[in-house]
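Number of protein chains: 4
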Amino acid sequence: MSHNTFGHLFRVTTWGESHGPALGCVVDGCPPGLRFKLEDIQVWLDKRKPGQSRFVTQRREDDLVKVLSGVMLDEDGETMIATGTPISMLIENTDQRSKDYGEIARRYRPGHADYTYDVKYGIRDYRGGGRSSARETAARVAAGGIARLVVPGVTVRGALVQIGKHKINRANWDWAQVDQNPFFSPDPEMVPVWEEYLDGIRKAGSSIGAVVEVVAEGVPAGLGAPIYGKLDQDIASLLMSINAVKGVEIGDGFASAELTGEENADAMRMGNDGNRIFLSNHAGGILGGISTGEPVIARFAIKPTSSILTERQSIDADGNNVDVRTKGRHDPCVGIRAVPIGEAMVACAIADHYLRDRGQTGRLK
Amino acid sequence: MSHNTFGHLFRVTTWGESHGPALGCVVDGCPPGLRFKLEDIQVWLDKRKPGQSRFVTQRREDDLVKVLSGVMLDEDGETMIATGTPISMLIENTDQRSKDYGEIARRYRPGHADYTYDVKYGIRDYRGGGRSSARETAARVAAGGIARLVVPGVTVRGALVQIGKHKINRANWDWAQVDQNPFFSPDPEMVPVWEEYLDGIRKAGSSIGAVVEVVAEGVPAGLGAPIYGKLDQDIASLLMSINAVKGVEIGDGFASAELTGEENADAMRMGNDGNRIFLSNHAGGILGGISTGEPVIARFAIKPTSSILTERQSIDADGNNVDVRTKGRHDPCVGIRAVPIGEAMVACAIADHYLRDRGQTGRLK
Amino acid sequence: MSHNTFGHLFRVTTWGESHGPALGCVVDGCPPGLRFKLEDIQVWLDKRKPGQSRFVTQRREDDLVKVLSGVMLDEDGETMIATGTPISMLIENTDQRSKDYGEIARRYRPGHADYTYDVKYGIRDYRGGGRSSARETAARVAAGGIARLVVPGVTVRGALVQIGKHKINRANWDWAQVDQNPFFSPDPEMVPVWEEYLDGIRKAGSSIGAVVEVVAEGVPAGLGAPIYGKLDQDIASLLMSINAVKGVEIGDGFASAELTGEENADAMRMGNDGNRIFLSNHAGGILGGISTGEPVIARFAIKPTSSILTERQSIDADGNNVDVRTKGRHDPCVGIRAVPIGEAMVACAIADHYLRDRGQTGRLK
Amino acid sequence: MSHNTFGHLFRVTTWGESHGPALGCVVDGCPPGLRFKLEDIQVWLDKRKPGQSRFVTQRREDDLVKVLSGVMLDEDGETMIATGTPISMLIENTDQRSKDYGEIARRYRPGHADYTYDVKYGIRDYRGGGRSSARETAARVAAGGIARLVVPGVTVRGALVQIGKHKINRANWDWAQVDQNPFFSPDPEMVPVWEEYLDGIRKAGSSIGAVVEVVAEGVPAGLGAPIYGKLDQDIASLLMSINAVKGVEIGDGFASAELTGEENADAMRMGNDGNRIFLSNHAGGILGGISTGEPVIARFAIKPTSSILTERQSIDADGNNVDVRTKGRHDPCVGIRAVPIGEAMVACAIADHYLRDRGQTGRLK
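Chains as they are written, first to last, in this note's numbering: chain A, 1 to 365; chain B, 1001 to 1365; chain C, 2001 to 2365; chain D, 3001 to 3365.
Don't read these hints as lab results, they were simulated from the structure.
Among the hints, erroneous ones may be present.
[Said to hold, decoys possible] Which bits of chain A does chain C cover? Going by a derived footprint, with three or more residues having C-beta under 8 Å, they are:
| id | stretch |
| --- | --- |
| 1 | 19-28 |
| 2 | 67-77 |
| 3 | 120-126 |
[Stated by the list, open to error] Calculated cross-link-like contacts (lysine to aspartate or glutamate; reagent style DMTMM-like; alpha-carbon spacing at most 20 Å):
| id | chain 1 | residue 1 | chain 2 | residue 2 |
| --- | --- | --- | --- | --- |
| 4 | A | Lys165 | B | Glu1263 |
| 5 | B | Lys1203 | A | Glu262 |
| 6 | D | Lys3165 | C | Glu2039 |
| 7 | C | Lys2167 | C | Glu2196 |
| 8 | B | Lys1066 | B | Glu1103 |
| 9 | A | Lys203 | B | Glu1262 |
| 10 | A | Lys327 | B | Asp1273 |
| 11 | C | Lys2066 | A | Glu262 |
| 12 | B | Lys1327 | A | Glu262 |
| 13 | B | Lys1327 | A | Glu92 |
| 14 | D | Lys3049 | D | Asp3062 |
| 15 | C | Lys2049 | C | Asp2118 |
| 16 | C | Lys2327 | D | Glu3263 |
For each residue, glycine too, the CB sits at the ideal point set by N, CA and C.
Go ahead and model the full structure; you've got the sequences and the hints to work with.
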């Protein structure tokens, strides 16, 4: 993985800035014959879309995706059939307010990538964070929309499991609840708690971190290329590439440090149907970098949005001490919208490894 | 990163199994003119070497590294000068006891990669775990020995910060202590606690997880290639590729989830010497995927060794239920020896990004 | 290089079919701070554009390029400054006549990729050849427009040196002539010969092959990464990736087979100005895969356009014998328009190797 | 492809210099379950081995290959079974005469890579050409030995078709003759001609160029990944990476430039057995970058060995004009030993594309 492309046989290249005319991606390696409708992709962009509740940024973007290549239309004039050639997707930026950013053109917002981009590139598109803006993740979500369809029978779902110190009660986990609240919470009892807590954060012009969990079910056993193309490694890499992510776990993750060998090693048995069964899943569906057939479980921590209304000490490009206060529209908890992004990344990693195993066209011969 | 190679301009390919004649690596992209002695690499292999205390595996390996290519000897007959061509290094396996493994040739040890390798490859070198053995990490450590020398002024150091529930007291952190105890503990007060605790684990034939922290100081600002070649992403990828690692953090990591924007965003000021100063380092030295010039801080969680003396339920390759007990020599806490391995991975990631910035030969023209 | 992306640090991804809404490319790795105007890219697209003389296809495409990302506008509102982030470029398809292609939807045109795409993908965009159409090369030429600017002082120029059996007289070579005739011939005396010859070919509904020569001057010595990233290797790879190319040469190429060691090895001398001088350039500017500082010289052979009016024996997708005659608009000698395409490929290879040597941002620090 | 690794799913990394202790390669991606004996690889090394006739270098190397990893021994104690993990192979250098090279340590031999390596790396292993020596190709041939076994039913054979101006008569082509003469000539009538001609060259201390042709039969249709991973592109890339190669052709190659569309486009018909048949093979088995099922045909031109006894004008590392005469043992026509090397490269490209299509393990599930 390097620069703006990831993946080996299912390759995704993204491009675009927060305040340019458009952003997009090229998905290279979609198996030929794959059928989908525009809405199969749009549905995930809608899930990530800003402005859907008071807990996320009020920027208004329709985020309508266009498919420019790589498909033929079926006779219904609606179903697209992938031809195996690169699928270029484009999303226009419509609600850009560049004037909001004028005053921070030369000031480094603490916690943002302003300073590091300037050091590296010597030039920086300061409007809305430019390339380092979370808007780039719309392109990931579009790519993920296709990735989700590549492996037959795989379902990738995510949920928010922690905001600040408030963690969900895992005993209450109900996937059906996730889309019923603005937080993607699987625990309905946590919703009012988060609501009140985040209202406080939002009104204070502050922000808070969060943890997202992604679960992929139906992943066939055998995916992953040890030693340096392990499935968990590629998932960790892609999750860590999401803006503001500071930690990644697979299965029991950091809790593994407190387990004994007896507690940790998932026992196996032959099931009545002749299938192999794991009696637990501390491993999060991956052993030795290769999928076990159990659900693949990943979690990631998102730091609080760095754009806050409180003044913070900083410097400017000319070497002056300044105090920076970030106006404009922002997410009080950027972790919320990270749920569909995390799903997309896990889906892409799984699709890529599936094709590495099955061949680039995914067509058995 | 794919299969058995990682890195972009500083590329490392490793090969070898636990019980073959040898293992090794090819380091491709070492800057020409780099000077080192064999002991500059050997010192790290010695640090990782088994059999150095009762808390690690009693397998005896000298782990003497040979350099087969890519260097010319200086007039002192000892100093090697890299020529810019691939450096092939080889480490012989000397203490192999294949008979220890005979009875698990067809049995899947819970928590190990036995089952997944069989599913994927249909064949498996069962002797000592074959390719999935932690012996592969000797090759990483050798490569890391060179990587450490690539970036002038960079120091990469690691320490063990947690065994089971026992965490060090960070107020006691003293780098000078790390090499004074068999645990690489930076907190001398924790040493007797861990000693007693691990003795119990060891005598019970059990094992326990751990957490390692790696700190790289002197990393120049500007390293990292957003969006999909972020420095933290590549560090996460390489740390997650180490056997038994289940979680990775950068900077505050999962603790970021509990921070507000005010607490998290590291403020900046101009220093008296005209340098830019960060007033804190929650970010762990990386913003937007690019190094800030502050110390790069990474942590990773290692699950307990899966080889334990207690019988565990499992199955065999023929689909029978069996009970598996892993005899042979093993680490009660594999996390201890993971310290130099984690250092090596961080050093390799930094070297790679340094060369991406400076050019493959690292020679300014 | 794989699928639809090429390059290592200067990476180009192209997408798009002959008859989709648009085609384009993403140029990843353009050095930040590079300044250019849209016309600096458009000028090369204009050179490649169809419909400019009776000797090329009469398809009418404006081939106007748009830049969607990766740049900021300078104060003149016209000059673009690269920010180091991916540059997405888009070219709309305007003159598509899909009905021309209806009858060959299931018939394999001899010499075309119809059959092989069907075998590989099981589905094929038959309209205008879909992805295998030479229209894809417009995206390469756009990318090449940027590549030409990456290395200071490098000039990449191409010329047509052979059509059918008619070869130019190298003694007449005059670069100033190349843009003065519809064939990019450097030999003005060859123009009337080719004119008459190609008129005959065109009127017969036939086609003919050609040879293009590309010369890059000002290439600094030292570019190229042996053993498997040699500069000549990457140039050969990219030239061979152009539609219809069947052979590639560097320097004396196949004529080297007839030379003795004395004739072939370019002697060196110190020049009066203290520079190193090669007394000849049989090597075509590359020794051991690394540039010498002499002009890099590459040639490639293009087979005749496979679309011809004469009926040819073939089969269809259902396994029937059929006779195929390709109607529609085609190039009697596709080699003519291959000149700017070959230039673009050589420019991209040089830019990529320059950045490998200088670092991804090309910014010395 | 970059630095010292090539291939995508069948990846080969080579290392080693002419005068180091050993050279070798790591073959990553060999399908698990592949069975072979050491002699299946050794046979090709023997074919490439120096010192087998008076027409090749008199350096004596046994070139015995060792396999260090990636296989398990079958019960016969001889048959190796690939496990899917990297296969490391090592060949010792035994007949090194470094003193032969002392006087050219700082002199640039015309036609060699001495000057360019010095410019690029600032340091150079001058002993026998170091890394730029053709000895590196022994590692390629070993890798090719495995590659040949990857695709069931594929046969890759090469022959020398031209030395100097003396070309074989294709009407006399007889594969059975190739191993019956020291030139790998398929035309027995050419053998005495070449013998006499090369004796003259050799006695004069001179050298001469050559052309090699490689034919791969049994290649399944559908291999190749357009647009930038075309099968012909990857073959061209690998052939051009061989030392001294200056030109590459597929199928009719440069002769295509003189063909009309009618002559060039290979017609198709349904065969009596229901198979698709090409009535000719001008394309050399590849259309649109994808294999047709016809024999894949590639040719490459090798320049004359640059090491000659005649004095040539040159310079040294200190900027002095010098006259260089290359003593030591050399091939009067390095093209002869290039035959098995070219075969190996074509075999590797085909194996790689086969696995891209079938999946990294080549195991259909």
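Hint check:
1. 19-28: The restraint on the stretch 19-28 of chain A holds, since 7 of its residues have a Cβ under 8 Å from chain C and three suffice.
2. 67-77: Answer holds; 4 residues pass the 8 Å Cβ test.
3. 120-126: Per the Cβ count (6), the hint holds.
4. A/Lys165 x B/Glu1263: The hint holds at about 14 Å.
5. B/Lys1203 x A/Glu262: holds, 14 Å
6. D/Lys3165 x C/Glu2039: Not OK: D/Lys3165 and C/Glu2039 at ~48 Å, beyond 20 Å, violated.
7. C/Lys2167 x C/Glu2196: holds, 14 Å
8. B/Lys1066 x B/Glu1103: violated, 34 Å
9. A/Lys203 x B/Glu1262: holds, 14 Å
10. A/Lys327 x B/Asp1273: Since the Cα atoms of A/Lys327 and B/Asp1273 sit roughly 31 Å apart, the hinted pair is violated (cutoff 20 Å).
11. C/Lys2066 x A/Glu262: Not OK: C/Lys2066 and A/Glu262 at ~61 Å, beyond 20 Å, violated.
12. B/Lys1327 x A/Glu262: holds, 15 Å
13. B/Lys1327 x A/Glu92: It is violated: about 61 Å lies between the C-alpha atoms, which goes past 20 Å.
14. D/Lys3049 x D/Asp3062: With Cα atoms ~7 Å apart, D/Lys3049 and D/Asp3062 stay inside 20 Å; holds.
15. C/Lys2049 x C/Asp2118: At roughly 29 Å apart (the allowed maximum being 20 Å), C/Asp2118 and C/Lys2049 break the hint.
16. C/Lys2327 x D/Glu3263: Between C/Lys2327 and D/Glu3263 the Cα gap is close to 18 Å, so the pair holds against 20 Å.
Comparing the model with each earlier hint shows violations of hints 6, 8, 10, 11, 13, 15; every other hint is respected.
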